[in-house]
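2 protein chains.
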Amino acid sequence: MATESKPLFKRVALLGIGLIGSSIAHAVRRHGLADEIAIHTRRTETLDKARELGLGDTYFSDPVAAVDGADLVIFCVPVGANKAVAETIAPALRPGTTISDVGSCKRVVINDIKPLLPDGVHLVPAHPIAGTEHSGPEAGFAELFKGRWCILTPEPDVDADAVERVAEFWRRVGSDVEIMDADHHDQVLAITSHLPHLIAYTIVDTATELGGDLQKEVIKFSASGFRDFTRIAASDPVMWRDVFLNNREAVLDILGRFTEDLTALRRAIRRGDGELLHDTFARTRDVRRGVIDAKQA
Amino acid sequence: MATESKPLFKRVALLGIGLIGSSIAHAVRRHGLADEIAIHTRRTETLDKARELGLGDTYFSDPVAAVDGADLVIFCVPVGANKAVAETIAPALRPGTTISDVGSCKRVVINDIKPLLPDGVHLVPAHPIAGTEHSGPEAGFAELFKGRWCILTPEPDVDADAVERVAEFWRRVGSDVEIMDADHHDQVLAITSHLPHLIAYTIVDTATELGGDLQKEVIKFSASGFRDFTRIAASDPVMWRDVFLNNREAVLDILGRFTEDLTALRRAIRRGDGELLHDTFARTRDVRRGVIDAKQA
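As given, the protein sequences belong to chains A and B, one line each in that order.
Position 162 of the first sequence, counted from 1, bears residue number 162 in the working numbering, the numbering being contiguous throughout.
Every number in the working numbering is 297 more than the matching position in the second sequence, counting from 1.
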């Protein structure tokens, strides 16, 4: 394991420079994790913004030039964009390069990227469970990953040294690293993250349809519960579109269960079944205690 | 309007001493709003706890004794308990007494209490929009209402001085006071508070049904969205049972709209309709901006 003072990588290429990409750039610099930070993003104005903010050392509109000579390449684009980017850069990747990403769905990352990689290139998918409601290169900050989980989902046959170097990279930026199977990751995150976001988007959208004065009052009195949902529902629309398109089965499964449970409560309200309502509401308190005990509150 | 230094009431009787009742007790003392705080609660151990905490000046297991000589009586019990308490105390109420409450549904409060009141007793229902996930007399604190809304829903024929004194009471504990029609209150709160709580209870309950290892992982990785729901779903079960039983129509109406909207998103996920998902997710960001502009974030 490398010591804290020595860079882990020579050249880190960040493909995409939104909230997560720019936060990685800040953290790599802060902790001295690489000799060089190479930044690629598709849109000229975003690349100019990254340059203006001084996020990297070198800037490329061509992803092939960005990955040239990089020993760590991190895909920081919405998961739906991974495949096209991988197709472009794959021929330029040299043996020994490690490829990682930051997507919220992991099976699709392996399915989309792995078949395109040349022999000797290591794929170590990563999901830093961190974010804010803000997007874009201005939104990043070095502390985003501190004290947060980062889940790695390498296939069993991936080079152990590459996995350890990516794990060490995330530990150095302050994260707790967990390694799990990609399918299992997708199932867990469908419950802890994807369904909550879908629900929050829905409830806020339902409120926006009310129109006029009622909508103003909903905003005015939002502190009574609604407010928390608006924060979640302000997350990046492109990123979340891609999450739902790419973790469809796990999301539809948990959404089906949720809908059943909601229907049961709706029926209890309609029938005036106070006992069922009370028992349900009492049960959920234990979960909160679990969250507090796990120091996640 | 009374000056800050002079008590607004001679004797305030608090019927019920949970989170809200005990917070009112602390705030009345802190701001010198009454000469005497009389506390009643049904359960002996809760009354003993209130006495041990020194929340009031006098303590009564009999609500009739608590309201005797009180010029302000505040119902701080779950809304489902109001009627029985009102039946007990009504014969003992003298003309000029003001009755208020702290319930989350307001039409039912008027329906349950008003017909029982003797002539000359003023009913000024109140809903302080404040709370925490904690319950009971130990949970209260004087600052709970500071900077929060308190909505009053008096009927048009209620004595204007009584309404103003209750409004001033809430302003003195730091709240912003809004006066609105009870039915309109119930409709607005169904959206901003009751539906969000129902949804949060449901999603946490869905997660508890997963069992064993998966549930542990859901708790472990709860920071990705789920955590916020567990906090909301840890609220007092009896209070929330009564909210849903007593604001049934408004809750079922908004729940119907929510379910339609969720079904549309579910269909879009199943069909891979990225455009619909993106458009919905982009629309909801504006509401967040509204919340921030209204300084409710």
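The reader is advised that the hints may include incorrect statements.
To be verified - Once the Cα atoms are required to be at most 30 Å apart in a straight line, the calculated BS3-like pairs of lysine-lysine come out as: (1) A:K295 / B:K380; (2) A:K83 / A:K49; (3) A:K295 / B:K513; (4) A:K146 / B:K517; (5) A:K49 / A:K10; (6) B:K307 / A:K146; (7) B:K346 / A:K220; (8) B:K380 / B:K346; (9) B:K346 / B:K307; (10) B:K592 / A:K146; (11) A:K146 / A:K220; (12) B:K411 / B:K380; (13) A:K146 / A:K6; (14) B:K307 / A:K295; (15) B:K443 / A:K216; (16) B:K307 / A:K220; (17) B:K443 / B:K346; (18) B:K443 / B:K307; (19) A:K295 / A:K216; (20) A:K114 / A:K10; (21) B:K411 / A:K220; (22) B:K346 / A:K114; (23) B:K307 / B:K411; (24) B:K346 / A:K216; (25) A:K83 / A:K114.
Worth flagging that the hints you see were computed from the coordinates, not collected in a lab.
Because the structure is a prediction, the values reported are computed rather than measured.
Legend entry - Unsatisfied constraints (hint numbers, rising): As far as the earlier hints go, 1, 6, 7, 11, 14, 16, 19, 22, 24 are violated by this structure, in ascending order.
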